[in-house]
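Go by the hints and put chains S and C onto chain X.
Chains as they are written, first to last, in this note's numbering: chain X, 9 to 337; chain S, 683 to 1098; chain C, 8 to 347.
Hint data in this document are derived by calculation from the structure and do not stem from the laboratory.
Treat the hints with care, as some may be off.
Derived list of chain S stretches under chain X, where covered just means 3 residues or more per stretch with a C-beta under 8 Å from a C-beta of chain X [what the hints assert, rightly or not]:
#1 822-829
#2 844-852
#3 1043-1052
Pairs of lysine-lysine, BS3-like flavour, derived with a Cα cap of 27 Å [claimed, not checked]:
#4 C:243 - C:189
#5 X:205 - S:1088
#6 C:214 - C:189
#7 X:263 - S:877
#8 S:877 - S:893
#9 X:42 - X:27
#10 C:318 - S:714
#11 S:877 - S:851
#12 X:263 - S:1049
#13 S:714 - S:725
#14 C:276 - X:42
#15 C:276 - S:725
#16 S:918 - S:851
#17 X:263 - X:205
#18 S:706 - C:318
#19 C:243 - C:214
#20 S:725 - C:208
Being a predicted model, the structure only gives us computed values, none of them experimental.
Note that beta-carbon positions come from the ideal geometry of N, C-alpha and C, so glycine has one too.
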Amino acid sequence: MPEMRLLDAIRLAMYEEMKRDERVMVLGEDVGVKGGVFGATDGFYAEFGAARVLDTPLAESLIVGSAVGMAVNGLIPIAEIQFSDFIYPAFNQIVSEAARMRYRSNGAFGCPITIRAPYGGGIEVHGGLYHSQSVEAFFSHVPGLKVVTPYTPHDAKGLLKAAIRDPDPVLFLEHKRLYRSIRGEVPDEDYTVPIGKAAVRRQGTTLSIFAYGQMLHESLRAAEQVAGEAIDAEVIDLRTLRPLDVETILESVRKTSKAMIVYEDNRFMGFGAEVSAIIAEEAFEALDGPIVRIASLDVPAVPYADTLAAAFIPNAERIAAAARRLAAY
Amino acid sequence: MPVEIKLPQLGESIHEGTIARWLKKPGDRVEKYESLVEITTDKVNVEMPSPFAGVLTEQLVAEGETRPVGSPIALIETGAVGVVVVGAPAAQTVHAVPGPAGSDESPPARPAPPAVTAGLASAAASVPAKTAGGARLSPLVRKLAEEHQVPAAVLETLPGTGAGGRITKEDLLQYLAGLGTAAPAPPQAGDEVVKLSPIRRSIGQRMAQSKREIPHAYGVIEVDMSAVVAWREAHKDAWRRDGIPLTYTAFFVRAACEALRVFPIVNASWSDEGIVLHRAIHIGIGIAIDDGLVVPVIHNADQASLAGVARGLEDLSRRARAGRLGLEDIQGGTFTITNPGVFGSIWSMPIIVPGQAAILATDAIVKRAVVRDDAIAIRPMMHLGLSFDHRIFDGAVAVQFMNRMKQWFEEFRDGR
Amino acid sequence: MATREAKTKISATRHEALGLSADDLLAMYYHVALARALDERMWILQRAGMVPFVISGQGHEGAQVGVMWATDRQRDWLVPFYRSLAACLVRGMTPRDLMLGLFARRDDPSSGGRQMPAHWADPRHRILSTSSPVGTQYLHAAGIAYAAKVRGTGEVCVTSIGEGGTSQGDWHEAMNFAGVHKLPVIFIVENNRYAISVPVKLQMAVKDVADRAAGYGFPGVVVDGSDVLACYAAGKEAVRRARAGEGPTLVECKVERLTAHSSEDSQEKYRPTNDIEVPRSIDPLVVFKHYLEQVGVMDEARYTEIHGRIKAVVTDATDYAEALPMADPATVTRHVFYEG
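Isolated chain X, as found in the complex:
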């Protein structure tokens, strides 16, 4: 089984799907000859041609809106939004059009599109306010849209294939910091990872940490930091934010009785609020401590300077400190 980076696994998933099914195509800014600003479609142009590897004008609403039409008429488009920070011009097309197409037509029309969007910041990203944002809370709110964000290369390939084959629109969020920092074994064979299932990355008994993307990485580091202090943290990779794997979340909380949610987005009304509410509603009597959210500050950032970025985004040390407080509660 070859070992590869997250970015390579994403590229491989698209490559295999385009080989498998000629209806599959990619479109977006710079996806063609350049192969994408991160290289996710590197070599596709030469292999599959300009019609299936479509360089679009610089217009995000066009990228998603035309993909809706392409999907209606028999293609399976993978639309790339170059940075998730640029997704807002397409917000209406995603929320009001793609996600509502099936419901508003009473099931008559579907919208099998995948929207890939690199997201997230941090001191190694140097993206500043407009190349670092976490956008999952806006989109996880929308019925009719699936929202996925992988952590391991194995999942990246399997989940992206599942997204491409999904008959409904999927927003596939890729954390930029994981692109080249995470390596893992990726099977050669054709496989999918089901959308809607979380993964227990570390089993534990003291408390449960729910996270995804880069914050899952930080949470796993934090769990190791406190492991020597008789704090045995369970760390769960949510992977799919919608539909959310509520069963796995509740099962873990019922075992540990304590829950933390870690996310990189601003804290207020972020994804952790929903996880927290679900736990409070469905597992109230299993709780032996307050539900804790660890998230970024409620300022309109991510800031560019390393010092500011570090002060803005949670890290393993901050998560570990919160875990110690919760364990002692």
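Relative to chain X, chains S and C alone:
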């Protein structure tokens, strides 16, 4: 019967309308959809068509007067039988239609889970939300207290180890465990008494004796089983062809023997005369059988190869399950290994077999994310848990002993 | 504009030059008149308090029937907007289908009672479901046309919008993309001079919306929307270009809005009386009937027969839809995602 015509809902957020002009007089014939009355609102001004054909019998509202939406404004004699109400709000006309009458009363598609509020109410009735000291009780502690009928007075005096003296789940469980030995709940109607089998009685006596006499202490470490898992995967089929089932337990026994040789204090017994260090290494293996647990012994386990241990284990477990163990098979153990991992346990603290210094629990091998060279890697990990007699040795030895095993596992190579 | 002068002599060969027979003319007239009759009934039902809302296509019917008549009704796509009642009839939706949507009945083929009236859709007739924010549908049409081109299906996609929607970014993005790739798409703009209440002079600095097509590298044509045959001619040429791989055409039909924006609107507040009254004299229904009389296709007997038939069809559709049950509340959670 006359039909009542109501002031229609002429637009979103329109709540009232003014009769500007009647276009029909009482006694006039009105065709269906023929204009009946001019209505003005603050949003639109319209001629209202009659929803029915008939004769206008009465104007109920004079010109210039304003009425809320839904107010009757006229009566029309249609010649139809029965009372029909038409006009706004529009949805009301639905009731004249066969089919989903009353459908607005249908329950939502996904009803809220029932009985939650009832449960909360009963818990709140008998368990205080706070202790006398003012520390908050968590939902879980309140629920446990409710289930076990812990009196409020007890909760108020129970010492808490949580932040600010809060009573934690563990505090309450510990309290309840103490209660259990002191005063078991008497059998009540509907309870069932299962007679003690000889083996159950024996296990009960020996375990209680052990916990009574031996001050147990515990240590747990984590082992990366990659090397062992890989080697076993590569060889188990070949071994099976030779008739040897290559179980993980065989590896555990071999590793324990290596460590016991280095730390003879772990292969020992407590006596009033002193600590007896055993020269021979006889390893007991906990084996679950139908009605309990037996602990047959591999004698001189340190003299056997991996294949020898595997063969011995196979023989013992087969005979244990068939009930054919002899007295000599279960006597003379100097150290015991129990493997709750086969049932999926990931963290175990077993009870020491009386007469021995320690018992080792091997837990399930689980794939986990661990840090290797500052990167996250997925590895098959296992906990080793040692329960030991703190009279015989201390925690440092316990951990060193397990670390010796850990080293053996993690550096496992062909030919051992 | 010749057709607006009642006394102007019209060559009897005008429709023949376009390849249309007398039967074609009568069928086209039937659709214009049927759309109008259905539309008027919808207003009555709303004013009588029997349905909550109506939005209208009155005044736009001639343009819609003319352009749509030039398309292949089996193969081509329609991405409509909320005034496309006549266009949907031409594409094959029935008066009953449209009334089911107005009454939000269970069997409403457009949305099962989920959308407001006038959001028509039907996969059987290749009419795509649309939303209420205007402009979005233009991008879907461009995407459909892109797929048609890549897959080599020969399909043409027609989409419509009012001139108000042409101020949206999506409209421009779609025009630009379609121009770049020479897509087989026809962009119809039904310019009725008002975006609800905002007059065209506050919407754009150009005289015609069609002027903008040059900026995207394809032709824009202006056509009198009350002249059904002129609209047919424009549609025919646009279809020819699309099918031949020559790319998109912007067809701007100058139409009049004969009603308020919707049943929620009171146009007397912003529209001078003569601006409301005068357009009725250039009503496409009247103008087209006049042409048919001049060329001897329409006479009193035929007129009575056609309008009698239409009245029966409209009454049948109303009674049929009214008698059916409302959308079943048990279906409210259905079709969020694919259900197999």
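Holds or violated: residue 263 of chain X and residue 205 of chain X, Cα atoms, limit 27 Å. holds, 18 Å
Checking one constraint from the list: CA of residue 263 of chain X to CA of residue 1049 of chain S, max 27 Å. Satisfied? holds, 19 Å
With the threshold set at 27 Å, check whether the alpha-carbon distance from residue 243 of chain C to residue 214 of chain C stays at or below it. Judged against 27 Å, a Cα distance of about 24 Å means the pair holds.
Given the hinted pair residue 214 of chain C and residue 189 of chain C, is their Cα-Cα distance within 27 Å? holds, 25 Å
Restraint check for residue 276 of chain C with residue 42 of chain X, where alpha carbons must lie at most 27 Å apart: violated, 56 Å
With a Cβ-Cβ cutoff of 8 Å, does the segment 1043-1052 of chain S contain at least three residues near chain X? holds (count 4)
For the pair supplied as a hint, residue 318 of chain C and residue 714 of chain S, is the alpha-carbon distance within the 27 Å limit? holds, 14 Å
Holds or violated: residue 714 of chain S to residue 725 of chain S, with C-alpha atoms at most 27 Å apart: Holds - the C-alpha atoms of residue 725 of chain S and residue 714 of chain S are around 25 Å apart, at most 27 Å.
Quick one, are residue 243 of chain C and residue 189 of chain C close enough, alpha carbons at most 27 Å? Within the cut-off at roughly 17 Å; holds.
Are the Cα atoms of residue 42 of chain X and residue 27 of chain X separated by 27 Å or less? Judged against 27 Å, a Cα distance of about 20 Å means the pair holds.
Take the C-alpha atoms of residue 877 of chain S and residue 851 of chain S, compute the straight-line distance between them, and say whether it is at most 27 Å. The hint is violated at about 32 Å.
Is residue 706 of chain S within 27 Å of residue 318 of chain C, Cα to Cα? holds, 25 Å
Checked against the numbered hints listed earlier, the structure breaks hints 5, 7, 11, 14, 16; every other hint is satisfied.
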